[in-house]
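Trainee: Taking the hints into account, I'd like the entire structure generated from these sequences.
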Amino acid sequence: MSDTFIRTAMLPPQLPPVTERGAVKWVRENLFSSWLNAGLTVLGVAAVTYLVWLSLPWLIHGVWNGNSLNECRASIAANFGPDAGGACWAMIHARWYQFIYGFYPPELYWRPVLTAALMFVALTPILFSDNRRVAAIMLAAVAVLTILALALVQMPAWLFVLCSLGMTGLFYIGTEAPGRLIWVSLLYPFLTFWLLWGGSVWTPIMALAGFVLLAQCYSLLNARLGVVLATAIGIVAACLWWLLVGGIVAASAQALLPFGLVPVESDRFGGFLLSFVIGVSSIAISLPIGILLALGRQSNMFLIHTLSVGFIEFIRGVPLITMLFTASLLLQYFLPPQVQFDLILRVVILVTFFSAAYNAEVIRGGLAALPRGQFEAADALGLDYWQAQRLIVMPQALKVSIPGIVSTFIGLFKDTTLVTFVGLQEPLRGITTIVRADINWKGIYWEPYIFVGAIFFAACFGMSRYSLYLERKLKTDHH
Amino acid sequence: MKKSVLFGTLAAAALLAGAASATTLDDVKARGVLNCGSNTGLTGFGAPDANGNYQGFDVDLCKAVAAAVLGDQSKVKYIPTTGETRFTALASGEVDLLVRNSTWTFSRDTDLKFDFVAVNYYDGQGFMVKKTLGVSSAKELDGATICIQTGTTTELNLADYFKSNNIKYTPVTVADDAEAQRQFLAGACDAFTTDASGLAASRATLPNPGDYIILPEIISKEPLGPVVRHGDNQWGDIVRWTYFALVAAEEKGITKANIEEVAKSTQDPEVKRLLGLEGDMGKMLGLDNDWAKRAIAANGNYGEIFEANIGSKTPIGLARGLNALWTQGGLQYSPPFR
Amino acid sequence: MAMAVETPKQGFRLGMLLYDTRYRAVTIQVIVLILFVLVLGWLADNVRSNLALKGKDIDFSFLWRRAGYDIDQQLIPYNNDMTHGRAVIIGLLNTLLVAFLGCILSTILGVFLGVLRLSKNWIVSRLVGVYVEMFRNVPLLLWIILVYVVFSEVMPTPRDFKPIADGTAKAHMWLWDSVAVTNRGTNIPLPLLDHPLPRIETSFLSLNTSAIFVLILVGLSIWVNRVLLRRAKVVQEATGVRPVTWWKSLVLLLLPTVAVLILMGFHLEYPVFEGFNFHGGLNVAHAFTSLTIALTLYYASVTAEIVRSGIQAISRGQSEAAFALGLRPGRTLALIILPQALRVIIPPMISQFLSLTKDTSLGIAVSYLDLRGTLGGITLNQTGRELECMLLMMLIYLCISLIVSAIMNAYNTSVKLKER
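Protein chains in written order, with our numbering: chain G, 1 to 479; chain V, 1001 to 1338; chain C, 2001 to 2420.
Treat the hints with care, as some may be off.
Straight-line alpha carbon distances no greater than 27 angstroms define the calculated DSS-like cross-link-like pairs of lysine-lysine that follow [said to hold, decoys possible]:
#1 V:K1256 to V:K1029
#2 V:K1168 to C:K2054
#3 V:K1272 to V:K1077
#4 V:K1313 to V:K1221
#5 C:K2162 to V:K1139
#6 V:K1131 to C:K2162
#7 C:K2120 to G:K25
#8 V:K1130 to C:K2170
#9 V:K1029 to C:K2054
#10 V:K1221 to V:K1113
#11 V:K1283 to V:K1252
#12 V:K1252 to V:K1272
#13 V:K1131 to C:K2170
#14 C:K2162 to V:K1130
#15 V:K1077 to C:K2054
#16 V:K1113 to C:K2056
Ranges of calculated distance between the beta carbons of each label pair, as one might list FRET restraints [what the hints assert, rightly or not]:
#17 V:N1165 to C:H2279: 56 to 62 angstroms
#18 C:L2040 to V:L1277: 57 to 63 angstroms
#19 C:A2211 to V:K1139: 33 to 39 angstroms
Hints were generated in silico from the structure; no laboratory data involved. Treat the numbers as computed from the prediction; the structure is a model and nothing was measured. Where is the CB? At the ideal position from N, CA and C, for every residue including glycine.
Mentor: Below, the structure written as structure tokens:
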């Protein structure tokens, strides 16, 4: 018998070699895995260092308080030596409100703030329809931010309390019965119009009444006359109402029950408020037009197909800037003499055409993504064309199209900066020019661009992240 | 989706508002607001201030017209126009009056169907260079790089001038006044050309004004003035004589401060006619008899408006020069109020 | 047994126009046609009455009148005595030049960045990510203005090139003293011919026959070279041995062009610093450079995203299979991934090229005298013919867009997977 050696305890596992663990491994694998990679890493680090080295002194020498560029320069020279360069953020400090609100009366800033907040509330049931938790978080954030923002702008105390209560109420509705918020979405356009432009409350109510009339005509006549005819009659009735009756009724209602906000002329609109108004109203109005154009393009009726394709390709073939110049120079020629539109309204009309063409292509993509079986199933159920579109096709196609529509909106929002070339005061060049025309700020260049660029970045980055999130959620096919 | 109502109501409102009558005067009176085509940002001549109120030499003429026609100088809606959109805005009726340092030229007056009713600023195109360039005349600018704003008469004048003197240049086209100034300051061009008033204004705001000189040559005549549509003579007369009232007020020494006093004490029959104490000149224009008095009371006479916005006490610091009264060697001259 | 029900034979009734699907399409189209014609007529009538009211007419004769303004960048000869029509052509060529360069450069940079975005190198992929997000989420207008400002603020003035006392200068020319970047423009060597062919001059266009001749020659050489390669392939497939072709290709591609260029007396004129400024060579304005660079940078970020998603759309199995075959990562990318990804990438790239072409009109921000700057800018302003100028400009842009998309679609069809 001999003793056999049986190991009873395992050796403690040794650590991997120093190059294969921890930070070193990570660095080796991720930064220096090959000569090429090492070179790229060094190049990248060098580029970043160079940029920081170039801009950091300028940024940290920044001056936040001052009344003119010369004061800024003097202050920088006093603190950092005569050759030091530095940012003059004092300009932003002094004029930030013009970049945001344009020339909107300062005592009425609460109205744009409320409009922006309500937009998020109105969008919640559309964008986060299937996730109550996200919707609730979103609403809570909006409510808190709105109340904070309202606290910062001038407004009467009772109004502040009322608005705060309103926002809280909306939050409560949103958490208890999110479906109800769709009413906010439907009322939102009228509310926005009234809040931003002010004036008698009866004007938007009468406009709304026109739509109610349309809906009534449709539901009454639909069964007897079919969708197209019912809608056509509804539209004619609504137009008659708006053009002939609505104005008179609104005026007499205002005389009986005067209630309204201080009117604000649209030439007071500027800065990001203007970008917002042009962007949001164009995209909202262009959606139904885009849907019709997309359907028209899919249609097998030759004439309708041709007209849709012609419109879409024409609009997509010319630059936005020519559309804006059309709004400014040419639209008058195509309207009856003596009819005058506000420049902002003309720009909104042309930008709407523009985004309608782009939305039509996005929605066409959504329609194409729908399996053929869906159309056939709808036919098999005996649904007619419009029923199939309304109940089967559009809900699915639109859902798929939302990321594309959001991208269109991002592009459009960025492109609203081009309205400066027809003399509107958008933030990037319009307001900047005005600020520079002030003798105190003549000669300031980088600061306004950085400020406006940062805001655009924040807004567009946020929206593109949302679009990505949605895309990932919609991607239900698994690989 | 229901957003299209914004369109609908606004369109309806616009239709109602736009159902206009024949003459500009009736339009303005019915609207209660004067639509004035203005610059979007030219220091001293027309630009909104920190509160969004338009101010400047050109803007004050709009205010005077509004005061004469509507009785309130604040009843003006300023419509920002760019070099490209200004004439279309006027032709289409979007603005009633364009005061945006526009040069009176033959083709604009005839071919574009406008009327230049007066010259509120006699200007001319000049050059600004750095002192260190060692140039003392524009004729020495052979081969120079010159910053020039597009969409104005200046580029045509420049081409003509260099052609007639048989010298060459490289144009650097820039979008606006501020951009031209930045380029010039950075040394991207040897010379900066624009109206002499603009040059002086730019020079005044440069970090070291003494380092720059404005060359003596004035290569063009630039009579800048208010523009109205061709064919509405009544409206043209109103703008023209409102302007002349301001000039006449300076000739007669009537200022914003002393106008009431002068009105009470004056024995001068022309002043009496001007201020509406005698005769009915206002009626002939389609206005009331106080029109000129209100126009002068709004922001003072021509000299006061000049001094307040662009005169020697402002940072822009322009001398009266050609724009002095004819009695003081200038060109500003009002026909008699008779 | 199924009963075949006879459909009741009915005469045509008016209601059938609406309820019978056979006729409804016709009814709807007729109504739409009537509405469309009515709207067109209404618009035309409005234009007519507006023109009458303003005492104007539609007249394109201004295109033949003297323009009177100068353009700082001209691809074909132009001076201010020439017509507005000629100025429009100059503008159009400037638009096309920026669009062409922008498309090519942004594609190269974009593909490069898109590949780097997927690099395993953490820092590089993050940096590219930051770059892409930064450019995509900020208006293009801002980038154009910023690049322009950088050029005129950061670059040295011509004076800095002047040697000071000890013989050194503050700034130096690049690329062996051939390119000088100053804050008033970029000076590059100008190719010149001693014995050029005569130009063909018409009032609107001027054709440089020498350039066209050389281009045709290059095209011919490439075509002959392709024939050569195809022959070599046939031989290779038949015998298994590929004939040596590289020197033949080289001779074919280079010799004719070089010979013709030498015969014509080709040489470069270099910019030289004299007095206060650079003389000779070609002075490229910063408006052009900054517009091209900004468009390139902006659209490269968009292209990078397209390339990234294109590459990611190729299933991992493809690259794993390639690795299993022993291909190196670089060859895998070039031979396996990119050819497949190309099919996903091309359709969105078409719309990128279209957008880029249209966005050249943003040159307005830096007063680049492109089609909008001449026809839709100065010419419009000097002649006051906004209706004619705008319509003509839209028509030209539309044609450019249609041509670009036709070319790209043809290319797309040629690389599409041929399904059998």
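Trainee: To test your reading of the hints: which numbers does this structure violate?
Mentor: Result: hints 2, 3 and 17 break, sorted rising.
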